[in-house]
Amino acid sequence: MFPQRIVQQSLRRLAVHNPSAVRTTVGRFAAPAAVATGNYAQFRYAATVAPVNLETTEPKEILAKQRLNRPVSPHLTIYKPQITWYASMSNRIAGTILSGSLYIFVTAYLVSPLLGWHLESASLAAAFGALPFAAKAATKFTLALPFTFHAFNGVRHLIWDMGKQFTNQQIIRTGFTVVGLSVASALYLAFMV
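All residue numbers for the sequence shown refer to full-length UniProt numbering, where the first residue is 1 and numbers rise by one.
Treat the hints loosely; a few may be bogus.
Stated by the list, open to error - Each pair of labels, with its calculated beta carbon distance range: (1) Tyr-103 with Phe-191: 51 to 57 angstroms; (2) Arg-13 with Arg-173: 55 to 61 angstroms; (3) Tyr-109 with Thr-77: 38 to 44 angstroms; (4) Phe-191 with Trp-117: 26 to 32 angstroms; (5) Ala-184 with Tyr-109: 30 to 36 angstroms; (6) Leu-98 with Gln-165: 21 to 27 angstroms; (7) Gly-116 with Ile-171: 50 to 56 angstroms; (8) Met-162 with Gln-4: 33 to 39 angstroms; (9) Arg-173 with His-118: 28 to 34 angstroms.
I should point out that these hints are in silico values taken from the structure, not numbers from a laboratory. These figures come from a predicted structure and were not determined experimentally. Glycine included, each C-beta is placed from N, C-alpha and C at the ideal position.
Construct the entire structure; sequences and hints are all you get.
This is the structure we're talking about:
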């Protein structure tokens, strides 16, 4: 507030001593100075469209005609796909999958005694142990991939928070690195552990 007052007072003093200089130089660049000097006043011209008779025209028809004249904003289909969007979308989806599955499992675990379900650790381990190897690996990979991707992409964001790896090539390289590390570590967790 204080610097703004200083600027206003100095512009007023300049306008009193040399009004034409203020109008030609400052008035073109600074909107407050233009308004203060009376230069570049805004005008709004009268509409030349005939008034609409609301008794004969339905309001929904008027709205539909107005919507036809509105500009259409571009959507994702006109842009070239990049690793930055895919990584951003996948990070949000992975976080939602992780948190959603945690909430669902915890809620089911808490209400299982009331409903007669057997979600104790021993019964879960026995049920998982009875699965064939391919089903075990697929289940572990499906659970590990969102976790590893979200974790590695979180590290990528922490690096960005430090102000590093911000050039286009570095962002692309770190994006593909996160994807590669995520898939490799999810495969390791699925088959080796």
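Evaluation of the provided hints:
1. Tyr-103 with Phe-191: 51 to 57 angstroms: For Phe-191 against Tyr-103, whose Cβ atoms are near 28 angstroms apart, the range 51 to 57 angstroms is violated.
2. Arg-13 with Arg-173: 55 to 61 angstroms: Distance hint for Arg-13, Arg-173 holds at roughly 56 angstroms.
3. Tyr-109 with Thr-77: 38 to 44 angstroms: With a Cβ separation near 43 angstroms, Tyr-109 and Thr-77 satisfy 38 to 44 angstroms, so the hint holds.
4. Phe-191 with Trp-117: 26 to 32 angstroms: 30 angstroms, holds
5. Ala-184 with Tyr-109: 30 to 36 angstroms: Because 31 angstroms falls inside the window, the suggested range holds.
6. Leu-98 with Gln-165: 21 to 27 angstroms: Given range 21 to 27 angstroms: holds, Cβ gap about 24 angstroms.
7. Gly-116 with Ile-171: 50 to 56 angstroms: Given a distance of about 52 angstroms, which is inside 50 to 56 angstroms, the answer is holds.
8. Met-162 with Gln-4: 33 to 39 angstroms: Holds, since Met-162 and Gln-4 (Cβ atoms, about 35 angstroms apart) stay within the stated range.
9. Arg-173 with His-118: 28 to 34 angstroms: 48 angstroms, violated
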